[in-house]
Amino acid sequence: MTNTAKTLLVVGRQETGKTHYGVQLLGRLRQRSGKLSVRENPESIAIFEEGLRVLSQGMPADHTPTTSYDSVRFPLQFQHGQTIDLVWPDYGGEQISNLVEQRRLPTAWQQRVLESSGWLLFIRLEHNIEYPDAQSRPATLDSQQVEPQITNFQWSANAFYTELLQILLYAKSTGTLSRVKNPSLVILLSCWDEIKLENESTKPFELLSQRMPLFAEFIKSNWVQHNVAVFGLSSTGKALSKKTPDYDYIPEDEGYVVLPDGSKSSDLTLPLSELIEQAI
Amino acid sequence: MIIPVHQALFGEVNRGHGLLVSSLPETTLRSMPQLATDLPGSSIPPDLEWEPYIRGYRAGNYYIISKTFPDPDASRHGMVFTHVLLLDLAEICQLNDLAPVFHLLPKSIEKPSSLQALQVSATELTTPHVIAPGYGKVVNTLLNNPQHTVIWVGNDGFVQIVESLWKNLWPNTRREFSFRISFAPQDLQDSPPTIACIPEALVGRWTHESLVHITDEYMPNPSDEMYLAEAFLMGLP
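These protein sequence lines map, in sequence, to chains D and Z.
The letter at position 253 of the first sequence is residue 253 when you use the numbering used here, and the numbering goes up by one with no holes.
Take the position in the second sequence, starting the count at 1, then add 280; the result is the number in the numbering used here.
Simulated from the structure, these hints should not be mistaken for lab results.
Treat the hints with care, as some may be off.
[As the list claims (entries may be wrong)] Computed list of lysine-lysine pairs in DSSO-like fashion (alpha-carbon distance at most 30 Å, straight line): (1) Z:K387 to D:K243; (2) Z:K447 to D:K203; (3) Z:K347 to Z:K447; (4) D:K242 to Z:K447; (5) D:K242 to D:K172; (6) D:K181 to D:K238; (7) D:K6 to D:K242; (8) Z:K347 to D:K243; (9) D:K264 to D:K220; (10) D:K6 to D:K196; (11) D:K243 to D:K220; (12) D:K243 to D:K6; (13) D:K264 to D:K6; (14) D:K181 to D:K220; (15) D:K243 to Z:K447; (16) D:K203 to D:K6; (17) D:K243 to D:K35; (18) D:K181 to Z:K447.
[What the hints assert, rightly or not] Per the computed footprint, the stretches of chain Z lying under chain D, defined by three or more beta-carbons under 8 Å from a beta-carbon of chain D, are: (19) 289–300; (20) 305–319; (21) 354–362.
The beta-carbon is built from N, C-alpha and C at its ideal position, and this holds for glycine as well.
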């Protein structure tokens with residue numbers, strides 16, 4: 001099969017787990033025990049070296065500087081032998097926040113959007129901001145109650161992510177008159193381990209629908225069903241502290257994904273293989 | 281001449297790096313994509329203890345001078361706090377001495393809830409003419425490779441080197457003069473500054489560049505081809 005490099009658009013705001021997933025993904029790919037593995041060692045893993053080092057000490061990776069954007073080329077192969085090269089980036093997530101807040105897509109990002117054949121979107125539900133709406137704030141509420149003045153306006157997560165995907169679709173010249181097939185979309189609900197679930201068997205898309213109903217409907221209405229998938233992701237398996245290293249922590253043994261059907265797997269390559277298979 | 285100096289603070293906002301407060305409207309700052317207030321690049325060893333550093337560069341019609349500190353109170357490792365001064369580009373180019381501007385920068389992290397514009401007087405020439413240690417070598421390196429960034433090892437003396445260069449450049453060249461820290465040669469590839477200081481602990485990363493140390497001594501030789509240019513930039517009679 002082809003070795004043409006596929007470029008995925010990895011989209012995530014700050015502290016949504018892009019670096020942790022990149023570091024853990026590299027480890028899993030090297031183990032060659034998952035659905036995807038590396039055919040040979042990547043030429044350079046400089047962008048993940050420090051992350052690998054601190055994770056092996058049981059500490060979280062550093063904040064990635066705002067303006068940085070680096071990538072590594074993974075020479076991959078599927079279990080069934082198909083090979084593909086993948087360009088995997090790491091960057092400061094503030095670039096994504098600024099993209100929506102400033103409604104401005106820098107030239108470099110325009111190029112990345114155009115070249116991408118699949119989108120991997122990180123959402124950390126516990127960091128989302130939501131405001132009361134007609135559903136969560138009944139009309140019977142005292143109408144005389146004075147609303148607190150918003151001094152530091154922040155987008156609600158529903159509006160932010162919907163706007164973000166609309167900007168990216170526009171940049172890729174993809175309309176929504178018919179459902180979107182290209183680019184394929186995989187949504188990762190990151191830091192799944194910090195979410196307090198009422199029902200442990202909750203499927204990722206069900207959780208997305210409960211917590212971000214507007215955004216979930218946007219996805220459901222605009223993408224071809226087979227070209228979108230929602231996974232839960234816990235790259236490190238548990239929260240790590242920058243102040244208290246966990247010396248017993250073994251990165252290779254930690255981390256899991258929650259598959260769209262609600263089952264768990266330690267194969268962190270599954271969301272990526274799903275996206276690649278959709279995109280090629 | 282009195283020059284207004286606007287201020288802005290950048291640090292941890294919503295678990296990321298962003299604008300905290302400013303004496304200018306937020307929209308003005310948003311319209312400056314050149315504004316760089318976070319660490320350059322992503323090649324910083326997490327256990328590296330770097331000192332607060334200064335940075336200067338042009339952003340639109342402003343010249344930016346900033347000081348960046350590691351922020352130990354931030355929720356994540358690797359986050360910084362930056363105090364930014366913004367001066368009108370045409371006006372700062374008429375300023376011969378940057379020392380009064382540097383004096384406006386704090387010595388440690390201060391996070392007031394509001395900021396007002398300051399001002400600096402163009403007549404304040406506070407520093408007498410002395411050649412800063414290592415400055416002769418900086419001038420020689422700069423003139424021999426004007427397309428390449430001069431690499432200054434360590435933080436000591438860097439402010440004096442910047443002040444000396446600024447003082448001896450003519451106003452038009454000050455517009456494009458820039459300085460900052462660098463943690464790896466790769467982070468100099470985009471928008472390379474005129475001069476960069478590098479942490480001494482990372483000096484091994486620069487294998488192909490000629491480095492300048494504060495202890496380097498150099499005096500122009502009148503018989504050299506570059507003598508006049510070197511003497512001019514060193515303020516020699």
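Hints, one by one, checked against the model:
no.	hint	in the structure
1	Z:K387 to D:K243	holds, 26 Å
2	Z:K447 to D:K203	violated, 65 Å
3	Z:K347 to Z:K447	holds, 20 Å
4	D:K242 to Z:K447	violated, 44 Å
5	D:K242 to D:K172	violated, 39 Å
6	D:K181 to D:K238	violated, 34 Å
7	D:K6 to D:K242	violated, 34 Å
8	Z:K347 to D:K243	holds, 26 Å
9	D:K264 to D:K220	holds, 23 Å
10	D:K6 to D:K196	violated, 36 Å
11	D:K243 to D:K220	violated, 41 Å
12	D:K243 to D:K6	violated, 38 Å
13	D:K264 to D:K6	holds, 27 Å
14	D:K181 to D:K220	holds, 12 Å
15	D:K243 to Z:K447	violated, 45 Å
16	D:K203 to D:K6	holds, 29 Å
17	D:K243 to D:K35	violated, 35 Å
18	D:K181 to Z:K447	violated, 60 Å
19	289–300	holds (count 5)
20	305–319	holds (count 6)
21	354–362	holds (count 5)
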